[in-house]
Structures are given as structure tokens and as C-alpha cells.
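S.K.: Here are the chains, one letter per residue:
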Amino acid sequence: MTATIQTLEPAERPPTTMSSRLDGELLEVSMGPQHPSTHGVFRMNVALEGEIVRKLKPVFGYLHRNHEKIGENATYLSSMPYTDRLDYFCSMTNNWAYALSVEKLAGIEVPERAEYLRVILAELTRLQNHASLLGFLLSDMGAWGTPLMYAFRERENILDLFESLSGSRMMCDYMRFGGCRVDADDAWLGRAKKIVDLFPKFLDEFEELILQNEIVIARTQNVGKLSPELAINAGITGPMLRACGVNYDVRKVDGYGIYPRFKFRIPLGDHGDTYDRLMMRALEMHESVEILKQALAQIQPGPVVNPKVKLRAFRPPVGEAYGRIEGPKGELGFYLISDGGPNPYRYRVRPPSFINLTVLEDLCLGHTVADVMVILGSVDIVMGEVDR
Amino acid sequence: MSEGQIDEALRSELQRQGVWVTSMQELYNWGRKNSIWPLQFGLACCAIEMIATAASRYDIARFGGEIFRPSPRQADLMIVAGTVTKKMAPQIVRLYNQMPDPKYVISMGACAISGGPFKQGYNVLKGIDRYIPVDVYIPGCPPRPEALLHAFMELQRKIDSQKLTGAGKAEHLDAKQPSEFPVPAFGEHDLQPPANPDVYHPPVLERQS
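Here the protein sequences come in this chain order: A and B. By the numbering used here, the letter at position 359 of the first sequence is numbered 359, and the numbering carries on one by one without gaps. By the numbering used here, the letter at position 6 of the second sequence is numbered 6, and the numbering carries on one by one without gaps.
Just chain A, same shape as in the assembly:
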């Protein structure tokens, strides 16, 4: 089942192929690494003709922290805290993807309550990631501060849940191979239920305030169009791919964990422009709330960790495995090769934001410099994951 986005009249935009009266050389501008809207330390070398972008070259590596090398030199368990720091907005989903790969590698079963907790935490992560993304995106458009304050107000509530469960606000380090680290008590589930029940109120308020806003529509519709063909060829995943109308969600395709038990829809876009990408996040939050309601109603008492798994001196059998989940930013995968030792022989991360960023030049060509920031914001990157 799919839900299509309500389309609004495309706003009038100035022609993007403005013929320059000054047939001079292109002006090269370096944007970043210190820039208020590059979401960290991203740098772009932009060649400009007037205000129109003619060339764009991303420069990576300002936050390269050797994740993969460290992963190969650390034991399987001690890589878990490092996965928190990949995409530092969504530590829970990173944990899950890594745990899933190791479970595939070693053939570990996960108890049912742990699967439910994983779904609840992953969807809560999606809520806070998408809410803060919308806040940042609107900041990039010039709505400085206020939407971000609204989004962070909700995010803090969700971080409180994470903190009371795992002990940390952002770097949760919560999942373990074959389950979760600690159990959630009934009071925690009650609090989660309360926050989930109140979340649609925030969504309605936010959508009313912002998504029908004339300036938002003028700044985002027909900006940064991505065709479905290019998106598929470039390996784009996540909300960015679904904004082009391609129905691909790892939760439905793979049905990992216990996702097949839940009834939820995949929102799809029509145009693949920035507005569709923005709407995609808003609609996905509604669906996440639905999943959370079902999961919180269905969860039953039981163990949260598989007692057969020995986390200390953990040595999976020789082999390789690729585990992937639908992270808030796209398909997040970990590829592990085991040679039977305590460390993985090869530890590779498939970062969604890095691969989604590869089409940035195609999206930005012909648009103004101000639009580049909006397009970059709608791609939803986190530099910890891009540079690793």
C-alpha cells in the first residue's frame, strides 16, 4: 500500500538557465568546512556563474575517524560503541544494523521481546531524526531557530527515554548480539506510550506551521529534482529514493526483525524535488507513530537476550555476512568477514548518507547558491557517517 503526496501548484521560479551577460570565467567558491549550514565539516568547491551553480565538487575527509580500521582491530563487541558515533543522531539504528550483521554471521536467534524493543527504539530514533532534520532544513532556508526549537523540544522527550533505558542521551550502545543490554520496565513502556500518543499533536502543529508555508513551497518545489532512473543507478536509498516514487523500503523488502507483523504504509513522492523529500519525512513520522502504537500494544514479557551467546571471547565461525536495515537516512549495512578470530577480518560500513550525497552535483546544477544549502539539507547527511 502506498500513500502519495498531496501536490500543490508549483511555485513560480526564476529561470535557472540564466544567460550570463558577463561571459567571464566561472567564480570558484569554497563552501565549508566551517559553514553554518553544511551539517558539520562538509566542504564543497562550487563554480559559479553569477549566482548559478555550474560545477560542484565535494571535498570529503574532514571528519575521517578510521571507523573501519578501528573496527578491524577491535573485537566484535568493542566495535559496538563505535557504531554509535557513525551517525550520531541515530545510535540505536546503527547498533541494530551492526548487531544484525553479527547475528547473521554467527547464526544467533533473538528473543521476541528484544525484537519488539528494537523496533520501538528504531522507530523512536526515526522520529527524532526526522524531526530534527526538518528543523535544520528550515534553518537552512532562513527560518533561523524557531522550527529547530520546536523539533528539539520533541527530540529531548525521546532522548529522555533513551537515557533512562541505556544511560546515555545520544551514544546509547544498547543492542547486543542476540538481544538488548537491559530490559525496559513497564513504567518505561508507559512513558513511551505517552510520548508516542502525544507525538501526532506535534506533527499536526508542525505541518500546519510550516509545510503549507508559502516561502517553504517557493524555496523547495522544483528545486533539486532527482529522476528515479538516476536515483536507482546511483544507489540512493531511504526517503530520498522514495521521494522519486520508487517503492523500496528495506523494512518491507527484507522484512528483517519482526517488521512483517506490523501494518504500515510506505509514503511515496511524485516529483523527487526538495519539497517531496521534506514531505517524505513528515509522512514517515506518521507511519512510525503507527508502528510504535502497534509495537507498544503487542509487546509481551520475556527475556531480552539470548542466553546462549557468550559476549566475552566471542568468535563467530569463518564466513561473511551483510546485514542491512532501513535507517532513518536510508539503507544502513555492515559487511563483515570473519576468519574465525576475535576481530573481524574486514569491517565495512555501507553509509546511506555518503551514497545519497554522490548525486549532490546533479541536484544542484543550475540552481542558485542559496538553493545548494536547502538541497544539501534535504539529503540529510551526517558527517560522522559520510567520512567515517
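Rather than coming from a laboratory, the hints here were simulated on the basis of the structure. One or more hints might be untrue.
Mimicking DSS-like on lysine-lysine, the simulated pairs with C-alpha atoms at most 27 Å apart in a straight line are [what the hints assert, rightly or not]:
#, chain 1, residue 1, chain 2, residue 2
1, A, K69, B, K176
2, A, K193, A, K104
3, A, K308, A, K193
4, A, K308, A, K104
5, A, K252, A, K263
6, B, K126, A, K69
Being a predicted model, the structure only gives us computed values, none of them experimental.
Based on these hints, arrange chain B on the given structure of chain A.
M.R.: Same frame as chain A, but now just chain B:
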């Protein structure tokens, strides 16, 4: 009574009579400490906690620090929030040099202090205090917003205690003290120099026999 201080008894006596007495130093420091403008500049995970500190719940505006400036020319405080890689270190020193005096640095999080969990990485600088002087260190990975607020208050305390005149006057008023530091260059294997000896004074651990 030390230089520049007002006798508290005299002050309260005058206050009772409707006269408020202050010194130039107190007034100047009071103004400076309550309007610290940080540089809007995040590096990694800690930057998100920095944003959370500025956002609705923690609200750094209560301490007069909400005006995050994207330009170093308008900033008083640099919050080094996150992992400093060797590729990024020269830009940070450059940004520090571009800030006008008086300027302060908060080293936020384990990575900015020492490299933190990524210390073993070949590309990670083992602490920003190798190149620029740091006023307040906050441990944590990442530190909570309350910890950043605490560091902010510590910095306010430091600013409040700085002297305008005399022997122990503030560094930025001393023309002999440097306000810019050399930018490291990319060497064959590492940044050159690996640390600035004028700034970097690691504790010497003496072996006890």
C-alpha cells in the same frame, strides 16, 4: 585590599544611601562575561549536544551565550565540539587566529581533549591544546548539555576574575602575549610541527623509584 577592589563595607554603606559604586574592571568584566558570543562551528557528535544546549530545554540564552556567530570575526568563544582530524586542525587554528581578542576556547568532549575513543586513529589529532590555548576542558563522550553550561559558567568565572591592570593583567591586554599561533602544515606523515611547544605543556610524569 588588592588593587582595583572596593571595600565591601563602604560599598554597602553607600548603597544604603542610594549610591551604587563599581570599578571599571568590575563593569567591564560584568559586561564581557554576560555576552559571550560563541563561534557557530561544530565538528562531530558534540556539536549536536552544543545545539541541544542552545535549543529549547537547556537554553544557553540564560547565560548570555545564545548568539552563535558564523563568522570568527564576531566571535569571542570557540567551542571545539568534536573530533579534530589532522585535515581539520589547520582550519581550526586559522579560525582561532581570525577571532578578535579577547578570545576563549572550550575544548568539548574527549576527542577535542585527547583524541578520545578515536585516539588510535591515524587521522585524529590527539587534542586541540597542541596548537591553541584552551581555557576550559569538558570531559564526556559527548558531554551532556549541563556539562557545557557548567563549562560556560566556569569561563564566566574566569572572565570575572581577570584584571585590567597591574602585574597579573589579562593576557589579551598584554602586548607581549601572542594572540595568533602558527598554522600547522601537512607533513609527510603528520602535521608539522606535531605540537606547538609555546602552547602545549603536557604534564611531566615522573617515575617513582
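S.K.: Does each hint fit the structure? Answer for all of them.
M.R.: Each hint, compared with the structure:
1. A distance of roughly 45 Å separates the Cα atoms of A:K69 and B:K176; the hinted pair therefore is violated under the 27 Å criterion.
2. Between A:K193 and A:K104 the CA atoms are separated by roughly 31 Å; this puts the pair beyond 27 Å, and the hint is violated.
3. With a C-alpha separation of about 31 Å, the suggested pairing of A:K308 with A:K193 is violated against the 27 Å cut-off.
4. Pair hint A:K308 plus A:K104 holds up; C-alpha atoms about 15 Å apart against a cutoff of 27 Å.
5. For the proposed pair A:K252 and A:K263, the alpha carbon gap of about 10 Å is at most 27 Å, so the pair holds.
6. With a C-alpha separation of about 17 Å, the suggested pairing of B:K126 with A:K69 holds against the 27 Å cut-off.
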